[in-house]
Amino acid sequence: MRCRKVRKSLLEYEEGTLSEKRVKAIEAHLDGCPDCAELATKLEFSGEVLSPLEPVAIPEDASGRILASLRQAAPRKKSRVEMLRSPRAVTVGAVVAAVLIAVVVVVGLRTGGGPTTVTKTSKGSDLTAPANKAEELEKSTTGGPTTGGPGGPLPLVKVTANDYTPDSLRLAFERLQVKKEFAGAYTMSDAVNLAQGFTMKIADDFATLGRDAPLLESMFSYIMKGEPTLLPCYVENARFQGKETWIILLAGPPRTDASVKLTRSETWVMDPVKFAQNPDAGVVFFLEQK
Amino acid sequence: MSPGDGKNGIREDSALARRARTGEPGAFEEIFLLHRAQVFSLAYRMTGNATDAEDICQEVFLKAMRKIGSFQGRSTLSTWLHRVAINVSKDHLRKKKRSAEVLLGDDTPETNVSQAPLSQRNGGPESQAISSERRRLVQEALLELPLSLRAPLVLHELEGLEYHEISRMLHLPVGTVKSRIFRARVKLAEILEPRKEQWG
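First to last, the protein sequences are chains L and E. If you want my numbering, it's the position in the first sequence, counting the first as 1, plus 558. If you want my numbering, it's the position in the second sequence, counting the first as 1, plus 533.
Just so you know, not all the hints are guaranteed correct.
What the hints assert, rightly or not - Pairs of lysine-lysine residues, derived as DSS-like cross-links and limited to a Cα-Cα distance of at most 30 Å, are as follows:
id, chain 1, residue 1, chain 2, residue 2
1, L, Lys-819, E, Lys-600
2, E, Lys-720, L, Lys-832
3, E, Lys-623, L, Lys-566
Said to hold, decoys possible - Pair by pair, the computed Cβ-Cβ distance ranges are:
id, chain 1, residue 1, chain 2, residue 2, range
4, L, Glu-618, E, Arg-554, 26 to 34 Å
5, L, Pro-812, E, Glu-677, 32 to 40 Å
6, L, Thr-599, E, Glu-563, 42 to 50 Å
7, E, Pro-727, L, Pro-812, 44 to 52 Å
8, E, Pro-727, L, Ser-747, 50 to 58 Å
9, L, Ala-765, E, Pro-558, 47 to 55 Å
10, E, Gly-556, L, Arg-797, 51 to 59 Å
11, L, Glu-578, E, Glu-666, 36 to 44 Å
12, L, Thr-766, E, Trp-732, 33 to 41 Å
13, L, Pro-812, E, Pro-558, 27 to 35 Å
14, E, Glu-723, L, Asp-721, 37 to 45 Å
15, E, Gly-693, L, Asp-721, 36 to 44 Å
16, E, Glu-563, L, Val-717, 20 to 28 Å
17, E, Gly-602, L, Glu-578, 50 to 58 Å
No wet-lab data here; the hints were simulated from the structure. Here the structure is a predicted model, which is why all the values come from computation and not from measurement. For each residue, glycine too, the CB sits at the ideal point set by N, CA and C.
Take the sequences, apply the hints, and build the full model.
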């Protein structure tokens, strides 16, 4: 092993998260390389000095002072009268009244047998749309599909002979149809509701293709820990720079604006063998696209 | 990591944040009581000073209270507060540096029994003194690290966050997070090298 490769793994070596084979290879290198051995000793020593440090408890008096300042700064809850007088309440009230009037006009015309009138709401939805369209509108207003269901795109799983480079992966995944469909169809709340179901579907499909589904599910848990608004949308078993990998695409809300649409994507190229030994070592490449 | 992990966590967090947003009495206090320990500990590790940690902790929760309306549940409250705490700590240290104050004050928590970790309070006076001295040395060494190395090191080694969580929190690639932690650990060992005999 070369020094550069050894140093890249030294932290995990010191943390004890490497495979036995890798540990042996590193130890063989350390025996003959004083520079790397010195780094390993330093890491070991820093681990020793850091390990006894525990979270520092907040002193009760400090906690009390902060709590008092929070209570002082807490915004007063608005009374009903104040809320009704707010400009936002007035605007909302006006919009609600306008929509009610529009609905009454359409219903009145229809029951009266007069000519069909197309009336648009502020969002441009067609109030004289056919029944199936009306159903679709109703679903979208009740928070979107709950089972990846009617109309919503489902995640895909593929085994391909592709051998990606970072650039070709960036290009191919930028254009991926399923990514565009997810961005158009799902919101952040769908991600929270659907992620578990989609993960299970992908795992089932993966098992059908003869791959290790539980390992894939572990990868999803690893990737989505602390970031639960990601929705799994695509998995490809392909090569990356010549190595066998599982490429996982997830859709998520953008970090920088207030949109709740899943227009951002994260692509994780995972080495399944390394991941099984040590999850952190299993991440081969990461790509974020807006 | 702490209260509010995972999908159940995010639902509970969103519900709690919603209650706080509508001004429900006690909701924000609940957030404070759930997360105060982690925020204070992180601030203390970043600054090495209990007074600074208290100031930072207060600022973090006041900021969080003002901005709870913008918390959209894309991460857990815990992750969100960690991120705010890191940023407030950095700002605090920069301001202190500008006003040429000494980073390590006289009120290090190690001299204050109530702030020593619980597990350290039971040994005899001698072992307590040794471990207290070691903790002081490590904390001082942490403060010698540049902020760019200290933050990922504290988050990983002391707060127990995983590399990819830190990567998202600090907006850095996972590889960069690992390499900064590696460099921080080597540097920490070099700083403490002259006092190595303390660890026998």
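Check: Okay, which hints does this one fail, numbers in order?
Finding: 12, 16
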